[in-house]
Every structure is written in C-alpha cells, then in structure tokens.
Amino acid sequence: MPRRVMKEVLAAVINSLADGILVTDEQGHIILYNQKAEALLGIKGRTGLGEPVQDYIKNEVLVGLINKTLTLNLPFHTEEICIIDSGDSKLRVHVCPVRDEHALLIGSVTLVNDVSMLNAIDKIKSNFLAMVSHQLKSPLGSTLLQTSILLDGLVGELSDKQRDLIQKVKAKTKGMTELVNDILDVCFIEEAGYISQIEPLNLSETVQRTIELMQPQAQDKNIVLKVTMEDQLPIINGNKSSMEAMFINLISNAIKYTPSDGQVSLEIGKNGHYLQLKVSDNGIGIEEKDISRIFDKFYRERSERTKHISGTGLGLSIVKGVVDAHHGSISVESEVGKGSTFTVLLPIS
Amino acid sequence: MGKKKILIVEDDIDFADATKLILESKSYDVIVAHDGKEGLKKAQTAEPNLIILDVMMPEMDGYEVCAKLKADPKYQHIPILLLTAVGEAIPTTKYTMEMGMKTEADDYIPKPVEPMELVERVENLFRISGSKT
Chain A
-1 MPRRVMKEVL AAVINSLADG ILVTDEQGHI ILYNQKAEAL LGIKGRTGLG
49 EPVQDYIKNE VLVGLINKTL TLNLPFHTEE ICIIDSGDSK LRVHVCPVRD
99 EHALLIGSVT LVNDVSMLNA IDKIKSNFLA MVSHQLKSPL GSTLLQTSIL
149 LDGLVGELSD KQRDLIQKVK AKTKGMTELV NDILDVCFIE EAGYISQIEP
199 LNLSETVQRT IELMQPQAQD KNIVLKVTME DQLPIINGNK SSMEAMFINL
249 ISNAIKYTPS DGQVSLEIGK NGHYLQLKVS DNGIGIEEKD ISRIFDKFYR
299 ERSERTKHIS GTGLGLSIVK GVVDAHHGSI SVESEVGKGS TFTVLLPIS
Chain B
2 MGKKKILIVE DDIDFADATK LILESKSYDV IVAHDGKEGL KKAQTAEPNL
52 IILDVMMPEM DGYEVCAKLK ADPKYQHIPI LLLTAVGEAI PTTKYTMEMG
102 MKTEADDYIP KPVEPMELVE RVENLFRISG SKT
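Chains A and B, in that order, are what the protein sequence lines are. Oh and the first sequence: position 130 is 128 in the numbering used here, straight run, nothing missing. Oh and the second sequence: position 10 is 11 in the numbering used here, straight run, nothing missing.
Check before you lean on any hint, since a few could be wrong.
[Claimed, not checked] Pairwise CB distance ranges, derived in the manner of DEER restraints: (1) A:Cys80 / B:Lys4: 52 to 60 Å; (2) B:Gly3 / A:Ser301: 56 to 64 Å; (3) B:Ile14 / A:Tyr297: 36 to 44 Å; (4) A:Phe126 / B:Glu60: 15 to 23 Å; (5) A:Met129 / B:Lys4: 34 to 42 Å; (6) B:Ala72 / A:Phe126: 33 to 41 Å; (7) A:Ile122 / B:Pro74: 40 to 48 Å; (8) A:His306 / B:Pro74: 49 to 57 Å; (9) A:Lys268 / B:Ala68: 55 to 63 Å; (10) A:Asp162 / B:Leu22: 17 to 25 Å; (11) B:Pro74 / A:Tyr297: 29 to 37 Å; (12) B:Ala72 / A:Glu197: 25 to 33 Å; (13) B:Leu22 / A:Ser290: 43 to 51 Å; (14) B:Glu60 / A:Ser290: 48 to 56 Å.
[Stated by the list, open to error] Taking lysine-lysine and the DSS-like style, the derived pairs with C-alpha atoms no more than 27 Å apart in a straight line are: (15) A:Lys168 / B:Lys27; (16) A:Lys172 / B:Lys27; (17) B:Lys21 / A:Lys166; (18) A:Lys172 / B:Lys21; (19) A:Lys168 / A:Lys224; (20) A:Lys88 / A:Lys219; (21) A:Lys170 / B:Lys69.
[What the hints assert, rightly or not] Here's a subset of chain B near chain A, in silico, CB distances under 7 Å, partners left out: (22) Asp15; (23) Phe16; (24) Ser26; (25) Ala47; (26) Glu115.
In short, the hints are calculated from the structure, not lab data. The beta-carbon is built from N, C-alpha and C at its ideal position, and this holds for glycine as well.
With the hints as constraints, model all of the structure from the sequences given.
Here is the structure:
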C-alpha cells in the first residue's frame, strides 16, 4: 500500500474508533484527535491542532493528568486512569505516555470512553447491595445477639439440651453473617477493580492494624503471629480498605488452617520493583489437586481434614480480586501436613 | 445515686429490644429510639447518661446524630458508643471502623455484638466520663 493511501486509511480508522482519542506532543500541544473525542470532550472545530491542551480542553482533571504524564516522565510510570464528569456524562479517560524506540518521551495519548451507562448500572448495583446488606445483615445480627443472650443466661439458665441446640443456631447464624459479609466484599472489590480510590499507601500501618485485629483469633488457638517488616516500606498505589481485606483474609485463613500451638508469619519487604508479602503457616497444607482451584469463588477443599473448619470459600477469591485490581500477582507453595506460603507481589509506585 | 439512664438509638426493633434486655439485666434504666431523628430528640429531652448509637439508620444516620450532639455544648459531655455495621473482620464496607473513629464518638463496637463485651464497653465509658467530672 502506498504511504499516502496508508495515511488516509489510518486517519479513517482513527475517526471510526468507538472511543475518543487525543494525542499531544511532549510540550502538551494537541497533534491529533478524532471525531469521537471532539464530541465527548466538546472540542470545537479543528482549530485545536497545534494548540496547548489546556486551551482547548475544559476539563481540568484531564488536563492535569496529561500534564502529569508529560512532566513526571518516570521510566516506570505507565498510565493514568480516571473517571471524569463532562456535562451529564461520565467519561473514563486513560492517559499513557508515548515513547519512541529509544524510550524517549515524545508525547501522550488519551483514550476517552463514555461510561455513563455503566455508571448508572453501577449505581443500581450499589443500591441493591445496600438493600441486601440491610435486609440480610440486620436480622442476622439480631438473631446472633438474641442467641448470645440465651447462652449467657441473662434470661434464665438453660438445660444442657437447650444450650446445645442454641449453640448450633448461633454457629449457623454466625456462618451466614460471614457469608453475607464476604459476598458484600466480593461485590465491593469487583466494583472497586473498576472505579477505585487509588492513593499512595504505606502498608506498615495497615499491617499493624490487621495484626491487632487478628490477635484474638490467633490467641484462641495459641498460635504465634510473627511479623517481619522492613523499616522503610516502599510506597505502592492502592486502595486502602481493599488492602486491609487482603491482609485480613490471608492471615485469618492461615490461622484457620493451622492447628493449635502453630505459627503464622508475615514477611513484608522490597523485591526488585515490587513490594513482596509472604504469609506462611505450619498448618495442614493444600493438596496438589486443589491448588489450581483455591482462588475460585466458593471453592473449598472438602475432606476429612477440613470438615471441622468453617468458611465461605470466598476469602481467597477476595484476595485474588484485590491483587488483580492492583496489577499484582499471587502464588502459593504448599505441602500437605507441613504448611502453606502465599506470596503476593505488588508493583511499587 | 439513682440508676444510670442509657438511650439506645437503633432502627432494628429486635436488636434494640435485645440490647435493652442486656442492659436492664445490669440494672440500667433504658430508653429506645428507632431512627436518627427520634434519637436526637430523645437525647435532648430525656437526659440520658450514655447513648448507644447505630450507624446505618433511615432519616438521619448515626454519624450525623453523633456530630450534632458533639457540636452542642449542652450535650457534648454525654458519652456515645457507636454500633458500626461492620462484620468482625470486614472493614471494606462504606461504614468502616475508621469512619467510626473519625467521628467524635467516644468508643465504637462492631456488630455482631457479644452481650458481655457491650456491658464492658458501657461500664468503661461510665468509668472514663466519671473520672472526668
């Protein structure tokens, strides 16, 4: 294909894209945009070409993202994703640096996608979740408190048979409460994977809080919780509450599947361009046939060794969801009867 | 000294009744309100010595009630125990423990609640507020 024809085809392709595209040079001057970007961002006419981006794009957030991408020029800085308001629409903008073959920064490219519809669906889903949360959690909470009142003898002593029955009711209700909480967590993380509040995080505070929260569960089984943490942890970009959910689920799982008087340890430190967390236990371990499935929702190993351990089968899928949303990776090594080690790698910002 | 009066603000009637039962068994005088607005009104008229406040409620949520009371010099001395709708180890919902702590509540207790823990928290708050005066 002759070069000139190729150029025309490319121009036609760019104009036919379902998403808006906006390209600037390294100075932040607009060098290319398509009709969709024109419509979504409200750029008037073709006069914007060659002009500074801030003169033609009204949205300050987007201009800020483009300028940040161009001025920071970090070797590992890859992309900026954000939801912005544009009139009645919600736009998802995705800004990436453009580099030549010598990795020299020569500009920026922004993709613009109208997510108003998704956003509306998202709202319906959130409302539905709030409804489920209130409608299911409240009665379960009341039932739990009522059974506790009976068991604590606040309304009279129970016979052994009555106590046994009420204890079973309490255990089942507790399990159901955990399930509802876990389902809400899964939904939250799926939602957060799409639109999350990402901020620079120092995880040492999160780790300390999690350890404090988990201490009672460990003490119940006389398990030692050992934490080894580097003094200066590198900062990662992440969502704080989902990071907490990840730690809680990893550590609470380790405690659950470790017999009394065992040990659970958490190591956290830098490994190349990643922050590495290792949660190890000397518990019952995972059978090889189950390893590939443990991150699936609702999957639990069902065998003689695990039948006394309660759980929803959602904990590790929550962990996986959080790690994925942070562009990290998770792996597991395990030996039956000896213990398991979960290793998470999260990119350093 | 007469009985100490506790106001429970909780929209779930069964939960409120159960909490009332626990506190009455420890000889506290208990009154109940079933939404935020009613709770605020009762806090201002019934002169409770302590308030147990649920977070998720219709009309006005617990944070708002708490903020309003703590902003008023007439009521800011009343200790407030916030009942957060957070599961034992699930801090990812909107109503996190952190939010509980960010409000000016004097203490918070996550649901599900164990009766004896509730009583301990209440006694502890009375001890603290008693030592201040």
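These are the hints, each one checked on the structure:
Checked against the hint of 52 to 60 Å, the pair A:Cys80 and B:Lys4 passes, with Cβ atoms roughly 56 Å apart. Look at B:Gly3 against A:Ser301: about 60 Å separates their beta carbons, and that is inside 56 to 64 Å. For the pair B:Ile14 and A:Tyr297, the supplied restraint of 36 to 44 Å holds, since their beta-carbon distance comes to about 38 Å. The hint said 15 to 23 Å for the Cβ distance between A:Phe126 and B:Glu60, and at roughly 21 Å that hint holds.
Look at A:Met129 against B:Lys4: about 39 Å separates their beta carbons, and that is inside 34 to 42 Å. A C-beta distance of roughly 34 Å is found between B:Ala72 and A:Phe126, which places it inside the suggested range of 33 to 41 Å. Restraint check, A:Ile122 to B:Pro74: a C-beta distance of roughly 43 Å satisfies the suggested window 40 to 48 Å. At roughly 56 Å, the beta-carbon separation of A:His306 and B:Pro74 lies within the given 49 to 57 Å, and the hint holds.
Checked against the hint of 55 to 63 Å, the pair A:Lys268 and B:Ala68 fails, with Cβ atoms roughly 41 Å apart. Taking 17 to 25 Å as the suggested C-beta distance range, the pair A:Asp162 and B:Leu22 conforms, at roughly 22 Å. Roughly 56 Å separates the CB atoms of B:Pro74 and A:Tyr297, a value that falls outside the hinted 29 to 37 Å. In this structure the hint that B:Ala72 and A:Glu197 lie 25 to 33 Å apart at CB holds, the actual value being about 29 Å.
Taking 43 to 51 Å as the suggested C-beta distance range, the pair B:Leu22 and A:Ser290 conforms, at roughly 50 Å. The hinted range of 48 to 56 Å is satisfied by B:Glu60 and A:Ser290, whose Cβ atoms lie roughly 50 Å apart. Distance hint between A:Lys168 and B:Lys27 is fulfilled; the C-alpha atoms sit about 23 Å from each other, no more than 27 Å. Between A:Lys172 and B:Lys27, the direct Cα distance comes to roughly 25 Å. Compliance with the 27 Å bound is thereby established for this hinted pair.
In summary, the hint linking B:Lys21 to A:Lys166 is supported, as the alpha carbons are separated by about 24 Å, within the 27 Å threshold. With a C-alpha separation of about 22 Å, the suggested pairing of A:Lys172 with B:Lys21 holds against the 27 Å cut-off. Simply put, A:Lys168 and A:Lys224 have alpha-carbon atoms about 32 Å apart, too far for the 27 Å limit, and the pair is violated. The suggested pairing of A:Lys88 with A:Lys219 is violated, with an alpha-carbon distance near 50 Å, which exceeds 27 Å.
Our distance criterion of 27 Å between C-alpha atoms is broken by A:Lys170 and B:Lys69, whose separation comes to about 39 Å. At its closest, the beta carbon of B:Asp15 sits 4 Å from a beta carbon of chain A; the interface hint therefore holds under the 7 Å criterion. This hint holds: B:Phe16 has a C-beta 4 Å from the nearest C-beta of chain A, less than the 7 Å allowed. Hint on B:Ser26 holds. Least Cβ distance to chain A is approximately 5 Å, under the 7 Å limit.
Look at B:Ala47: its Cβ only gets to about 23 Å from chain A, farther than 7 Å, so that hint breaks. For the restraint placing B:Glu115 at the interface with chain A, the shortest Cβ-Cβ distance is roughly 6 Å, inside the 7 Å limit, so the hint holds.
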